[in-house]
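Participant: Here are the chains, one letter per residue:
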Amino acid sequence: MSVFSDVPQAPPVVVFKLTADFKDDGHPQKVNLGVGAYRTDDCQPWVLPVVKKVERLIVEDCGLNHEYLPILGLPEFRSAASKVALGEDSPAIKENRVGAVQALGGTGALRIGADFLRRWYNGTNNRATPVYVSAPTWENHNGVFTDAGFTDIRPYHYWDAAKRGLDLSGLLDDLEKAPEHSIFVLHACAHNPTGTDPTQEQWKKIAEIMKRRKLFVFFDSAYQGFASGSLDKDAWAIRYFASEGFELFIAQSFSKNFGLYNERVGNLTIVAKDSDNLSRTLSQMEKIVRTTWSNPPSQGARIVSKTLNSPELFAEWKGNVKTMADRVLLMRDQLKTKLLALGTPGTWDHITEQIGMFSFTGLNPKQVEYMIKEKHVYLMASGRINMCGLTTKNIDYVAQSIHEAVTTVQ
Amino acid sequence: MSVFCDVPLSAPVAVFQLTQDFNNDPFPTKVNLGVGAYRTDDGQPWVLPVVKKVEKVIVHDNRLNHEYLPILGLPEFRAASSRLVLGDKSPAIMESRVGAVQCLGGTGALKIGAEFLRRYYNGNNNTKTPVYVSAPTWENHNAVFASAGFEDVRSYRYWDAAKRGLDMSGFLGDLESCPERSIFVLHACAHNPTGIDPTQEQWRQIARVMMRRQLFAFFDSAYQGFASGNLERDAWAVRHFVSAGFEVFCAQSFSKNFGLYNERVGNLTVVARDADSLRRLMSQMEKIARVTWSNPPSQGARVVALTLNSPQLFDEWKDNVKTMADRVLLMRAQLKAKLHALRTPGTWDHITQQIGMFSFTGLNPKQVEYLEKEKHVYLMASGRINMCGLTTKNIDYVAASIHEAVTVVQ
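So the protein lines, in turn, are chains H and E.
Here full-length UniProt numbering is used: position 155 in the first sequence is 155, and no number is missing along the way.
Here full-length UniProt numbering is used: position 228 in the second sequence is 228, and no number is missing along the way.
Source of the hints: derived by calculation from the structure; they are not laboratory data.
None of these values were measured; they are calculated from a predicted model.
Treat the hints with care, as some may be off.
If you anchor each label on the Cβ, the simulated ranges turn out as follows [stated by the list, open to error]:
| id | chain 1 | residue 1 | chain 2 | residue 2 | range |
| --- | --- | --- | --- | --- | --- |
| 1 | H | H181 | E | Y397 | 54 to 60 Å |
| 2 | H | T40 | E | L330 | 23 to 29 Å |
| 3 | H | E176 | E | D21 | 50 to 56 Å |
| 4 | H | P12 | E | K52 | 47 to 53 Å |
| 5 | E | N124 | H | S283 | 49 to 55 Å |
| 6 | E | N125 | H | Q400 | 33 to 39 Å |
| 7 | E | G245 | H | T40 | 38 to 44 Å |
In the DSBU-like style, the derived pairs of lysine-lysine whose C-alpha atoms are separated by at most 35 Å in a straight line are [said to hold, decoys possible]:
| id | chain 1 | residue 1 | chain 2 | residue 2 |
| --- | --- | --- | --- | --- |
| 8 | H | K52 | E | K322 |
| 9 | E | K287 | H | K287 |
| 10 | H | K287 | E | K89 |
| 11 | H | K177 | H | K205 |
| 12 | E | K287 | H | K366 |
| 13 | H | K393 | H | K30 |
| 14 | H | K375 | E | K287 |
| 15 | H | K336 | H | K393 |
| 16 | H | K94 | H | K205 |
| 17 | H | K83 | E | K56 |
| 18 | E | K56 | H | K318 |
The C-beta atom is built at its ideal place from N, Cα and C for all residues, glycine as well.
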């Protein structure tokens, strides 16, 4: 008998199952608005021109080899990545109290941060520290913090379905009521899945309460540059919190803004009160990394590092990012226009008010099912669509399908 | 006050501290026999010619993009890797009961395997199942299993310091007396750090006891091809266990045999009794990978997959591997010859009897300290040397230094 005979079957990850179903669908007009990756107007993946260029430079560079990176990763990558988030002139960086851990995408950065916090934050090995994630949030947040050992993961109010916007009073209320020292996972910009971000004024309110109640700030930053097209604009919340004196973690992903999804390029930026606390923290991060992946992969980090550290390539990259952000904005605009033109019941302002890759359409599960089964338009059961899946070729069909779903199904 | 004020400073990883001390040493004839990476006869890192070739092929292939790999990794990499260790005609593969998880080097494969076993082996979440690692073993084994949640990591007897060989009776004794269903971490070949492997007859004995006592075989295979120069020979133990009917895990690393240290190319090969158990098992592996790194990095896996799956490149690779293995064998032969010529006290046969990258010299900590401080020859406190650190240029100096250490220090 197998020693694995009692191992239960795990359900597949929803978003990948959606893509698998999409692939198996033979319908000629099928549209995939599920998984979050950028697509061109021809609905193709896009390798950024600057990435292609830098990859060639790397392969031709005989000065490079494949020796192990340090445990914490490629130094020039880590510092450039932290600078992108905190700003060129970041006082915290100048004060030597910013460190970083090169990690396996945003997931890896969250994971290392969570592993560290469970071991060393709010006591030693305190698994009971509450971890708050937004309602709703990226479906993997819960899993990552749970696997790191936290036993109390809770939602904080975020999405107001009725008004299709931010439930600020609910959020602030949760901040006031959370036990002191609770950890809050905040989306730096382009909230996934709702696309609804706090305004600057709202961020200030959030920060004020978090400081007063000693709540820990853990930013998830997966869309810097991708959300508005401006790196600085998309980093406003992070920089505000840093300037307010918070110690914080930032899990940065370069999957989307560099289109380097499969090279797993991420960075956990750490802002501490001073360099002494920082160095002890980093030493423990090293221990955690050593037993997880030993040291991180080089290729993606080299690409990002070369790009960020060269003024010319950096400018080229910003241009590529703006190309992506602009196409998304165009699709938002067109979708809303078409739904208004069709006279589709409901309000559709949220499509252009929301920001980033995703839109929370407000479609209910029945309407979503209709979209998938009757129209072969694939989206998440939550009503989340990936704007990147829209093109000038399919947008009429999608608008029409939404119109049908909304009018046919209640 | 910092929320990190109570975080203690963690000690650096010994082998990297050693390299750092070496780097800081200005002595002109210093030698680094510490960290395990291949070096040419000029003391330089070596990017395998076949790797360089394949990297160029990849960068010029415009059909490739950077879309996420599946959670379990690149399918053609996983299949080719498992075939490499189990053999092309492996019955287990033909019977569809072999699966694989692309991981972050050997460390990542051990980590995912350990996380799975802690959750689903010998009960549910049984953190008390004893895990046995050899005495001595790679310094990270203990920590990987401990951080996966196992509370009882023990050592099994392995190195006999007196006879400078395998303590077979001690090993068998521990296999007989350990609790049933304990997990044993076995080095597939080129044992790290001792370089002593069981003979085929000894492996058969080990397997018989393990089968009778229902012990779990978790192979660590980091040196296939690198140890003897022959891929099949280096995989003999793993293949024997599979043909004897064991369900096994095998953590494979391609860091050394492909020289791809920093791209983190690893594979966890899983052999189950039947396809149904395998399927359920793999679904749980997906869950674990998803909350650790989401999906693995592409570059290194593409290099290895292309190489293993092309007959011509595969031959070229085997050649490159033999180049490395042969240089190591030459250094072993020469070091022993020179110590004999110097009439250095003690026996030195173990230098050529041991296999792979490392040699357990038998030098004691005082002698090791002498070598570092007086001769600027860096090696692990255990007396382990990396044969790759030897070159025709430094081998006389190293032999003379060992001679001094042994005669001057007791």
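Participant: Compare the structure with each hint and give your call.
Facilitator: How the hints compare with the structure:
Distance hint check: the CB atoms of H181(H) and Y397(E) are about 57 Å apart, consistent with the given range 54 to 60 Å. A hinted range of 23 to 29 Å is violated for the C-beta pair T40(H) and L330(E), which are about 54 Å apart. A beta carbon spacing of about 52 Å between E176(H) and D21(E) agrees with the range 50 to 56 Å that was offered as a hint. For P12(H) and K52(E), the hinted distance range of 47 to 53 Å is not satisfied, since their beta carbons lie about 38 Å from each other.
Separated by about 34 Å at the C-beta atoms, N124(E) and S283(H) break the suggested range of 49 to 55 Å. The supplied range of 33 to 39 Å is broken by N125(E) and Q400(H), whose beta-carbon atoms lie about 50 Å from each other. Taken as a hint, the range 38 to 44 Å is violated for the pair G245(E) and T40(H), whose Cβ atoms sit roughly 52 Å apart. Between K52(H) and K322(E), the direct Cα distance comes to roughly 34 Å. Compliance with the 35 Å bound is thereby established for this hinted pair.
Note on K287(E) and K287(H): the hinted pairing holds, with a Cα-Cα distance of about 23 Å set against a maximum of 35 Å. Pair hint K287(H) plus K89(E) does not hold up; C-alpha atoms about 40 Å apart against a cutoff of 35 Å. A distance of roughly 15 Å separates the Cα atoms of K177(H) and K205(H); the hinted pair therefore holds under the 35 Å criterion. Of the pairs offered as hints, the one joining K287(E) and K366(H) holds, with about 28 Å between alpha carbons and a cut-off of 35 Å not exceeded.
Restraint check: the Cα-Cα separation between K393(H) and K30(H) comes to about 12 Å, which is no more than 35 Å; the hinted pair holds. Distance restraint check for K375(H) and K287(E): the Cα-Cα separation of roughly 31 Å lies within the 35 Å cut-off, and the hinted pair is therefore satisfied. Between K336(H) and K393(H), the direct Cα distance comes to roughly 16 Å. Compliance with the 35 Å bound is thereby established for this hinted pair. Taking the CA atoms of K94(H) and K205(H), the gap is near 27 Å; set against the 35 Å cutoff, the hint holds.
A C-alpha spacing of about 32 Å is found between K83(H) and K56(E), which places the hinted pair at or below 35 Å, so the restraint holds. Under the criterion of a C-alpha separation no larger than 35 Å, the hint pairing K56(E) with K318(H) is consistent with the structure, at around 27 Å.
Checked against the numbered hints above, the structure violates hints 2, 4, 5, 6, 7, 10; every other hint is satisfied.
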